[in-house]
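Student: This is what each chain is made of:
Number of protein chains: 2
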Amino acid sequence: MENNEIKQKIFSQSCLAKSASAKLATLSLQEKNKILALIAESLYVNLKEIIFHNEIDVEAAKTAGLSQSLIDRISLDERKISTIVQGVKDIILLDDPIGSLVETLKPATQISVKKVRVPLGVVSMIYEARPGVTVDAAVLCLKSGNAVILKGGSEALNSNRIIAKIIYSAGLNAGMPEGAIQFIDTSDRLAVQELLRLHGLIDLIIPRGSEDFVNYVKNSSLIPVLSHGKGLCHTYVDKDADIDSALKVAFNAKCQRPSVCNAMETLLVHKDVSQDFLTKICNSYEQAGVEIFACQESLKIIKNGKPATEESWSTEYHDLKISIKIVGSVQEAIEHINKYGSHHSDAIITKNEENAKRFANEVDSSAVLINASTRLHDGSVFGLGCEIGISTQKLHARGAMGLKELTTTKYIVEGNGAVRE
Amino acid sequence: MENNEIKQKIFSQSCLAKSASAKLATLSLQEKNKILALIAESLYVNLKEIIFHNEIDVEAAKTAGLSQSLIDRISLDERKISTIVQGVKDIILLDDPIGSLVETLKPATQISVKKVRVPLGVVSMIYEARPGVTVDAAVLCLKSGNAVILKGGSEALNSNRIIAKIIYSAGLNAGMPEGAIQFIDTSDRLAVQELLRLHGLIDLIIPRGSEDFVNYVKNSSLIPVLSHGKGLCHTYVDKDADIDSALKVAFNAKCQRPSVCNAMETLLVHKDVSQDFLTKICNSYEQAGVEIFACQESLKIIKNGKPATEESWSTEYHDLKISIKIVGSVQEAIEHINKYGSHHSDAIITKNEENAKRFANEVDSSAVLINASTRLHDGSVFGLGCEIGISTQKLHARGAMGLKELTTTKYIVEGNGAVRE
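These protein sequence lines are chains A and B, in that order. My numbering numbers the first residue of the first sequence as 156 and each following residue consecutively. My numbering numbers the first residue of the second sequence as 156 and each following residue consecutively.
Keep in mind that the hints were calculated from the coordinates and are not lab data. One thing to keep in mind: the hints can contain errors.
For chains that are exact copies, the list does not tell them apart, and a pair is met inside one copy or across any two.
As the list claims (entries may be wrong) - Here are the simulated SDA-like cross-link-like pairs (lysine to any residue), alpha carbons at most 25 Å apart as the crow flies:
#1 Lys512 / Ala263
#2 Lys217 / Asp340
#3 Lys559 / Asp340
#4 Lys385 / Gln348
#5 Lys235 / Val200
#6 Lys385 / Leu184
#7 Lys506 / Leu171
#8 Lys394 / Thr434
Keep in mind it's a predicted model, so treat the numbers as computed, not measured.
Please model the complete structure; the sequences and the hints are all you need to start from.
Tutor: Printed below as a string of structure tokens:
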């Protein structure tokens, strides 16, 4: 397509989405769930067709010499598609985020004022690689009453196209408003640039992909962006910690899945318990193959550590590596976390209620955990049941995000000919 | 000051604010209200000193030949200061927005998860002219547990400086953390540019002033911006309207204070009631000196109207001027409002519950009013009790904003050695 043709096509698709959004906002929970159920069924019925188109993408990726990990992310098989379909069924079970009463105000005059939850309007999901996101994005937006504009990565264009087609057609058959799902059918980079400009038509951009990609979207968009945040998470073992709990939690937070954002990167230990605790935990870490970077004080206890540098405290390893520091007080731990952390998920292990409360109040993070692993800060663990991610920003959404974060509010004022005096 | 000196000073003031914000977050309602009470008292006690410094600004403005309306906005007298002090006392009466439970989640595992309300951290208010904003901004931020960086307009620098000094000193005497209020003591434009860059230190920018000024801040800031939105508000008189109510509300919405954002700009009337209603309302408008721009159909009824153009439907008069259009259905009214409106405040006058519900659901505005004047969409009318404004954005804050919009949330997770399986 020519540049102008791309721009025009994206503009017209965005107009169609905008127009559909008004109808989507008025659908009942039953109507939305009926649409989602038929989408789930249709994806399963057309499983072979999806795999057929997916193989074209996978072959092209191999020919182009793309990395094995990227090819893995693109590839679909019967098991992966079943998991994706199960995800749709899980979203059917969630409460309707739309229409609920957020707040009843107490106005000064004789009117009633209610704040109710409504859809944002049009959401555009811009993502890389994994074709399953095409399904996630479509059903999350439908459930929250939003129209969606899907822009997937070029590596999965054939897979995304057939999935979008199946979803759209099933949706229409189940009563979904026309235009509710728009698929941007091009690999041209211009398409993303164009989407990021269309404020007034698109209400929210959700980027999913590499950190560079998300930063590009954030810095280029004229539309508000909701994105998953980076994680430099801490666990602080207090002087009043239950050492067995501390060992269990500190091991889980580092080792259960080190590559993810809510894994622990830095372990802070109160000096009074450092001898006992560090000896034991570093023994476990050694067995799990964890590489340790430790402060001078803790190196006196840890035999298998390398010296930490100033840089260590700012490093997200996302790997079997850890920074360890001995601190003199809960105060010092809080200051360290607020200075070096990414305001994502930070934990204290203590039986001292006062220290727990102080830590919870003063650590400036989206989630503070008391006697629990940072790995538990997660939408599915929290019962939010879906895959939008964890926000480290403070406006609109903070921490694990659910369907509510795809909504806004509206005041409904009722009077009986009420006027301003 | 040299450029580098300004940059350095602003950076160091922002660091002080950031450091104070951690302490402010932990103050109780009693502690905060004690600070506000002493600030109110001290402003009143130092009334003469404030007026003395204000006169320097007023004289300079006169010498510089600034407009009378600007000089009016800068000028303070005993009555104006009393009103400002009363505003502080009103804010003391508001509930504490901090620490309240927003939501209790239902996690899958044996942990408890609560979402609680916490301060944003550091808020910078950047404003023009009115020195009263120095007080408003400081006390709103204190009440919501935020540190504040004040950057007022150069025309009121002397007034703002003395007010900030009085507030800061009274605050400290009442136990306010050091550094909680930072006053940017320069008229250099560089100061604003510099503030807008300091993400990581400043959490929110609130611009107050002309539309051009607010747009400049929005387009230049690396920090989230919360601002007051423009208003192109509608009233739709349905075929099932109570005509007496409609006359009262349509007159109030246009004439009670035409210069403000929630005044009505366009009146839509169902064709079935247009003859009776338009004859009567235009008679009232004529007596009030309202200039009328009307569609071809309505010009057959209205004797004193000029023809409306396509541009009329997009015009915010903020004056005794109005656009009038006859429509064939509630559907047509909704489509007109969603196309031409600013998503601020839109009203329907009807006794028909179905039409009212449909209008409330389908009009995409921050407030929808049923049988009530658009002028009622206001923080003080709604009982929010303070002066942040009305947002037309959809993320974080929509519609009339209160203290809650100066806050964010935090998840507090409690376990008993809980880990991710």
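Student: Hint compliance check: list the failing hint numbers for this structure, sorted ascending.
Tutor: 3, 6 and 7
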